[in-house]
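Listed below, chain by chain, are the residues.
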Amino acid sequence: MAKLTINGVSVPIDADPRTPLLWVLREHLGLTGTKFGCGAGTCGACTVHLGDQAVFACQTAIEAVGDTPVTTIEGLSAAGDHPLQRAWIAEQVPQCGYCQSGQIMRAAALLRSTPKPGRDRIIEAMAPNLCRCGTYPRIVRAIERAAKET
Amino acid sequence: MDTAFVEPTRRDVLRSAGLLGFAVLVGGGIVVLPEPAAAQQADPVPLNAWVAVLRTGKVVIRFGSTEMGQGIGTALPMIVAEEMDADWSQVEVRQIDQGPPNVYGNPKTGGILFTAGSSSVEGYFEPLRRAGAGARRVLIHSAAAAWSVPAGEVATEPGWVVHRGSGRRMSFGEVAGLPRLVTDVPAIQEADLKPRSAYRLIGTDPGRRDIPDKTRGSAVYSIDVRLPGMLYASVLPAPVEGERPVTVDGAAAKALAGVVDVVTLSNGVAIVAERWETALAARDLVKVAWTRNSPFRTADSETDLAALVQAATDGGRDAVAWENRGDAASALSAAGDRVVSAVYTTEHTYHAQMEPLAAVAAVDEDGKGAEVWLGTQSQTLSIAAAAQALSTTPDRIRFHAMPMGGAFGRRTFFARDILRDALLLSKQLRRPVKLMWTREDDVKSGWFRPATAHQLDAVLGPGGEVKALRHRVASPSILQFAAPQRWESAAGKDLLVMEGTESSDYAIPDLLADHVLVERRSRVSAWRGIGWAPNCYARECFIDELAAAAGSDPVTIRRRLLSGSPRGLAVLDAVLAMSDFGKAPAGRAHGLSFAGYKSTRGAGVAELSLDDATGQIRVHRFWAAVDPGFAIHPKNLNAQVEGGILFGLSGLLKERISIAGGEVQQSNFHDYEPLRIHEVPEIEVRIVESGAAPSGAGEIGVPMTGAAVANAVHVLTGKRLRRMPFTPERVKAVLSS
Numbered sequence: 001m002a003k004l005t006i007n008g009v010s011v012p013i014d015a016d017p018r019t020p021l022l023w024v025l026r027e028h029l030g031l032t033g034t035k036f037g038c039g040a041g042t043c044g045a046c047t048v049h050l051g052d053q054a055v056f057a058c059q060t061a062i063e064a065v066g067d068t069p070v071t072t073i074e075g076l077s078a079a080g081d082h083p084l085q086r087a088w089i090a091e092q093v094p095q096c097g098y099c100q101s102g103q104i105m106r107a108a109a110l111l112r113s114t115p116k117p118g119r120d121r122i123i124e125a126m127a128p129n130l131c132r133c134g135t136y137p138r139i140v141r142a143i144e145r146a147a148k149e150t
Numbered sequence: 151m152d153t154a155f156v157e158p159t160r161r162d163v164l165r166s167a168g169l170l171g172f173a174v175l176v177g178g179g180i181v182v183l184p185e186p187a188a189a190q191q192a193d194p195v196p197l198n199a200w201v202a203v204l205r206t207g208k209v210v211i212r213f214g215s216t217e218m219g220q221g222i223g224t225a226l227p228m229i230v231a232e233e234m235d236a237d238w239s240q241v242e243v244r245q246i247d248q249g250p251p252n253v254y255g256n257p258k259t260g261g262i263l264f265t266a267g268s269s270s271v272e273g274y275f276e277p278l279r280r281a282g283a284g285a286r287r288v289l290i291h292s293a294a295a296a297w298s299v300p301a302g303e304v305a306t307e308p309g310w311v312v313h314r315g316s317g318r319r320m321s322f323g324e325v326a327g328l329p330r331l332v333t334d335v336p337a338i339q340e341a342d343l344k345p346r347s348a349y350r351l352i353g354t355d356p357g358r359r360d361i362p363d364k365t366r367g368s369a370v371y372s373i374d375v376r377l378p379g380m381l382y383a384s385v386l387p388a389p390v391e392g393e394r395p396v397t398v399d400g401a402a403a404k405a406l407a408g409v410v411d412v413v414t415l416s417n418g419v420a421i422v423a424e425r426w427e428t429a430l431a432a433r434d435l436v437k438v439a440w441t442r443n444s445p446f447r448t449a450d451s452e453t454d455l456a457a458l459v460q461a462a463t464d465g466g467r468d469a470v471a472w473e474n475r476g477d478a479a480s481a482l483s484a485a486g487d488r489v490v491s492a493v494y495t496t497e498h499t500y501h502a503q504m505e506p507l508a509a510v511a512a513v514d515e516d517g518k519g520a521e522v523w524l525g526t527q528s529q530t531l532s533i534a535a536a537a538q539a540l541s542t543t544p545d546r547i548r549f550h551a552m553p554m555g556g557a558f559g560r561r562t563f564f565a566r567d568i569l570r571d572a573l574l575l576s577k578q579l580r581r582p583v584k585l586m587w588t589r590e591d592d593v594k595s596g597w598f599r600p601a602t603a604h605q606l607d608a609v610l611g612p613g614g615e616v617k618a619l620r621h622r623v624a625s626p627s628i629l630q631f632a633a634p635q636r637w638e639s640a641a642g643k644d645l646l647v648m649e650g651t652e653s654s655d656y657a658i659p660d661l662l663a664d665h666v667l668v669e670r671r672s673r674v675s676a677w678r679g680i681g682w683a684p685n686c687y688a689r690e691c692f693i694d695e696l697a698a699a700a701g702s703d704p705v706t707i708r709r710r711l712l713s714g715s716p717r718g719l720a721v722l723d724a725v726l727a728m729s730d731f732g733k734a735p736a737g738r739a740h741g742l743s744f745a746g747y748k749s750t751r752g753a754g755v756a757e758l759s760l761d762d763a764t765g766q767i768r769v770h771r772f773w774a775a776v777d778p779g780f781a782i783h784p785k786n787l788n789a790q791v792e793g794g795i796l797f798g799l800s801g802l803l804k805e806r807i808s809i810a811g812g813e814v815q816q817s818n819f820h821d822y823e824p825l826r827i828h829e830v831p832e833i834e835v836r837i838v839e840s841g842a843a844p845s846g847a848g849e850i851g852v853p854m855t856g857a858a859v860a861n862a863v864h865v866l867t868g869k870r871l872r873r874m875p876f877t878p879e880r881v882k883a884v885l886s887s
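Chain order of the listed sequences is U and G. So the first sequence is numbered by this note's numbering: it starts at 1 and just counts up by one. So the second sequence is numbered by this note's numbering: it starts at 151 and just counts up by one.
Pulled out of the complex, with its shape left as it was, chain U reads as follows (with noise of 0.2 Å):
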């Protein structure tokens, strides 16, 4: 039985190789908060960490995984207090809120990289993203608050 490291963790995983990650994560795991919005690459709702770079879950089957650790919203922090979760809070960014495990996941595998975006490489780096809410005002925010505390 194939085996995937997700948030730190080695689990075994009984799907068909070519299974997206997506639906092993959700429906297997029961690691809902990477959520399912198009399927297709196009919204970035199923955005997750393999190794240090942020991809769609939707679009990468577990075959394509192999040993490299998958980090999910639920794993991003210990106790749900990565910097960028707390920017989020101070400045209230969701409203329904589905949108937004990929875009911190997006937004954390950004700060890893470039630790102090400008304005320009965030809205760059977050273009992948959809939020049909209009929070993107508010996620830039975040994103900059974050950077100035880490």
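It is possible that part of the hints are untrue.
As the list claims (entries may be wrong) - Derived DSSO-like pairs: lysine-lysine, alpha-carbon spacing no greater than 30 Å straight-line:
| hint | chain 1 | residue 1 | chain 2 | residue 2 |
| --- | --- | --- | --- | --- |
| 1 | U | Lys3 | G | Lys404 |
| 2 | G | Lys804 | G | Lys733 |
| 3 | U | Lys148 | G | Lys617 |
| 4 | G | Lys404 | G | Lys518 |
| 5 | G | Lys785 | G | Lys208 |
| 6 | U | Lys116 | G | Lys617 |
| 7 | G | Lys594 | G | Lys617 |
| 8 | G | Lys882 | G | Lys804 |
| 9 | G | Lys869 | G | Lys617 |
Said to hold, decoys possible - Far from chain U, by Cβ distances over 12 Å, these chain G residues were calculated:
| hint | residue |
| --- | --- |
| 10 | Trp297 |
| 11 | Ser416 |
| 12 | Glu505 |
| 13 | Glu515 |
| 14 | Gln578 |
| 15 | Asp660 |
| 16 | Gly732 |
| 17 | His783 |
| 18 | Gly811 |
Just so you know, the hints here were simulated from the structure itself, not pulled from any lab data. Note that the Cβ used here is the ideal one computed from N, Cα and C, for glycine as well.
Once you've looked at the hints, dock chain G against the given chain U.
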């Protein structure tokens, strides 16, 4: 691993949703409570239908509206907490999943549990402040009895009951633990309610209660629910509304390991499997022959829009008057060729809520009851739909109204198909079922804001004043389709299409707003902003055209129109000042729109530039001034207005559903792409409080956007944008016309 893996099992969901067994009480009244002495520390002691206090001091406040992102689960309990003087840090909020509408219904939505039309604060403000004041009175009278002092000597501070004379104090939790609660208290009168000047909580920003979970992935939506033994279902929808499956070849699908069944439904074919990925794979193997005789086969966006324009502009068509002041028809006919006219159109838009529709149902063994998890804008309507699907009574439906990953009108009357299918599948297969629509299903089977055509005619007076206005809208009826039983008693008046055309803030002596009812050619629904968005777009563009015809300007003409509306003038003046209107930097222009949404007033200014080569509009800044009476939770109200503005801009710049041969041509976000982060302007919102009764803010941002943008484009180019959406190719065509 334990902490990382969240499994919202049936038991967990039940525990969180069903902790409080509130007695059903009459509206706002006080009843005799169960013997509190027997109560455990953690048992809630209900003070009335909305409020319970625990002996720990915790106060549990219930709210009737469902949470779709608007922050209502914080704003409504704040109203109760304010009046009862609860300590907000001790308050826990609970959404009502089901309960008698005569107790919990919103007076502004027909008295049922229904969250729509930005009506939650407006409708619940009075009942909830009375519920809070009633709860406070029980606490006061109970403490007074325990102290043997007159109730009139007892007051409250947040979380405490205080006896002024002796300085004695009792926490709310201690009162809840008294052996006897005095519930037979005088009814709350208007004078018992706090004046605004005494508010401690309303008007502050304690932060939304739902936000922390939404930063940690722990908010559970209906699509996230998992039950032991649950099956997964995907439904192949009919390609065109009204078609039915004739023959279904499910053999190849059933041969796939893990496929449980292929079930023919009335308007689709369900593939049910042990796993979701199996259901999706099997779906591609099912061969269905559909009927081909649906009248909707001939639906076509282009020809249907042309027919709408024809209906709006052909003066001979029957129309239902929505608003009639003075005698606009005579004024127009007397004016002859001095009448100024213009035609505007809008087209189908899709809600594109981020969570595709999903429903989870576990039908009881007898097939006559069920437990249901659904993201819905109406508990009452959803429970009724579930009962109907199972031919049972509503009391047999145990309902969980889940947080919604966006709604925008998509989940009002319109979640009933997926709920029905989930119930029927669970009943047939005798296991819990989670039915999920793919994004493609959600788009293809969407219920869209209908296309509309607007004919506007006006007569100007010698001083440039608007003497008469006719606003004629051609559109199918949304109400007729969505709520046929309400349509029967509506006398042809469709508020979902026509609201906004009454232009009630405008001083126009002769005004006629009427509706040419056109046969429905697609599934239609309300969309954030409802009729206000297309109607304010058309009217406010036309007001700018009238200003030009009168040799006036956008500000002067509106000031005059708003001369009888202090609230309208206040938001207009505020947004003019905020934007330094008319003084855009070189290469940019400002456009202005006034816009109401029911009792809430708003005005917006867009600052934009235009790429002549591509026709691409770039909105750089947007200012909005909004008067919601007063704000319960100001920062959240501000966020709602921002979101509404972006929703409006997204629709008018980018969004269009097209239909050909009855089939929706778009399928996912690659061909129906809402606004992305790099397309967002800098937004500034100012709340201009008039002090009137508080009203909604979830939609006021939308109606002001269309004309603000179109009017700015006119300033920049001299061209009118009379067809929404303003896609680059369309703008380019207008520029070269």
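* Asked: Is it true that the CA of Lys785 of chain G sits at most 30 Å from the CA of Lys208 of chain G?
  -> Distance of about 25 Å is within 30 Å: holds.
* Taking only the CA atoms, is the gap from Lys148 of chain U to Lys617 of chain G under or equal to 30 Å? -> violated (57 Å)
* **His783 of chain G remote from chain U - nearest C-beta pair above 12 Å** => violated (10 Å)
* Asked: Going straight from one Cα to the other, do Lys804 of chain G and Lys733 of chain G come out at no more than 30 Å?
  -> Holds. Lys804 of chain G to Lys733 of chain G sits at ~27 Å (cutoff 30 Å).
* **Whether Glu515 of chain G stays farther than 12 Å from all C-beta atoms of chain U, as the label says** => holds (25 Å)
* Are all beta-carbon distances from Ser416 of chain G to chain U longer than 12 Å? -> holds (26 Å)
* Asked: Regarding the assertion that Asp660 of chain G does not contact chain U, is the least Cβ-Cβ distance greater than 12 Å?
  -> holds (38 Å)
* Asked: Is the straight-line distance between the alpha-carbon of Lys869 of chain G and that of Lys617 of chain G 30 Å or less?
  -> holds (25 Å)
* Asked: Is the nearest CB of chain U more than 12 Å from the CB of Gly811 of chain G?
  -> holds (24 Å)
* Holds or violated: is the Cβ of Gln578 of chain G farther than 12 Å from all Cβ atoms of chain U? -> Non-interface label stands for Gln578 of chain G: nearest chain U Cβ at 22 Å, farther than 12 Å.
* Holds or violated: Lys3 of chain U to Lys404 of chain G, with C-alpha atoms at most 30 Å apart -> Holds, at about 29 Å.
* Would you assess whether Glu505 of chain G, listed as outside the interface, keeps its beta-carbon beyond 12 Å of every beta-carbon in chain U? => violated (5 Å)
Hints 3, 6, 7, 12, 17 from the list above are not met by this structure, while the remaining hints are.
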